[in-house]
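Colleague: Residue strings, one per chain:
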Amino acid sequence: MTPRGRFLLATLSGLVLAGLVHIGVVLVIPSLSETDALSRARTSESLDHAMPVYTLATGDNPSPAEAWLPIPDPAVAVGICAYDLADGPMRVSARAGPLMLSLAVHGRRGAFYAVTDQAAVRGALDLVVLTRAQYDQALADADENDVSRDVRIVAPERKGYVVVRVIAALPSQRPAANAAVQAVSCTVDSPAEDTKAGG
Amino acid sequence: MRPAASHEGANERPSLGRRAVGLARQAVRRASNVTLLLYALALGAGIGLASADYATRGGYPFGGVVVGAWTAWPRAGSVGADPYARAVNARRGEIPLAIGEGMLLTAAQDDAGRTLDATCTYTIAGITPPARAWTVTVAGRGTRVPGQTTLREGFTSTEILREPDGHFAVTLSPVVQAGNWLPMPRPSGPVRLALRLYDTPVAASAGTLDRSALPAITRTGCAS
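These protein sequence lines are chains D and W, in that order. If you want the working numbering, it's the 1-based position in the first sequence plus 638. If you want the working numbering, it's the 1-based position in the second sequence plus 10.
Keep in mind that the hints are not guaranteed to be accurate.
[Unchecked claim] If you want the ones that stay clear, here's a sample from chain W, every Cβ over 12 angstroms from chain D, calculated:
no., residue
1, L46
2, D63
3, T66
4, G74
5, D127
6, T131
7, T138
8, R142
9, R162
10, D175
11, W191
12, P200
13, T218
14, S222
[As the list claims (entries may be wrong)] Residues on chain W that point at chain D, a partial pick, calculated with CB under 10 angstroms:
no., residue
15, R39
16, A62
17, A65
18, T230
Hints in this document: simulated from the structure, not taken from any laboratory. Everything numeric in this text was worked out from a predicted model, so none of it was measured. Every residue, glycine too, gets a C-beta built ideally from N, C-alpha and C.
I would like the entire structure built from these sequences, with the hints used as guidance.
Modeller: Okay, structure coming up:
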């Protein structure tokens, strides 16, 4: 092989390698990133209510600097609840108020479920995120006479987060929207409570 | 073929470019297998990392549905999002709208295909697809300056003033306008519009959106 041929071969294999590196890096970015929503949401795991991610500006108070969303909607308050289903099923309870509210469940691969306050039963929206095993357990434990108002959703992965969005249609509703995000409770369903409720 | 040629050339004081080409040729001719292997590895790592960084920096590289001046991003937040969209979301810390929650549409150009410029005046007029609520917002490229308060960043479907037939017209302009005035977020440079539809059935069928179902963006004048 001529020296030139060897050089061309090396360049060609370098380019093929570049393609492989490109694909590999793009695929691995979500799991290595430390600035993605899932990693940042970890700090909210210990809270029993939604952690505000984007608080709306009210009056003279601008939005606080905690906002890490790149281009947030200035009329939508955003909160986040991280869950780790190893601790037990995650229960997200929201009260349907005058403001439009939506809950979206995100996993590592993206959002797999979303529900708005229009699905609320008697003014309350109860979303329970569980694994397949926990879902089967909940079905087995359920009392047939007891009507459950929970929206049960099976998560594909153990870790993820629930996003709460409340829309303030008018600037005067912004304090209420901020309060509505904080009022959403995210608790871990302990098995003891389940048996008590069932029995 | 004629190694003596370069020596002759050196005597004639060749240009720097020709000398570099000669040196490179010599290097190629003399390169051992190890050098070539290292070269291939460096090329692969360099181009691979740089292109991956370029593709996942800023906005989503592809996956949008172009409708007139707007681009809809129905899958950016769903489980079916492409790897690039997921990487972009992860790098920016973005929480995209889920399919059942709403849909994001962005516009960086007007209906004539010209880039939205902060020194010009635009009207955004028409109707929106069915949605329980929507917001139209304007932002400059890049990160926002913290602590900086703007007069108004956008309109919601509730607060906007409408014509008797339900249509609306937002005037995006650096100077004060009557009606729905949306101030420019920066003195100069390109700007972007974002239309967020909340609780909309359109997200599941963004491909069937017609451009008449979205507000038209027309340039009415420029300061300079």
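Colleague: So which hints don't hold here, by number, going up?
Modeller: 1, 2, 3, 8, 9, 18
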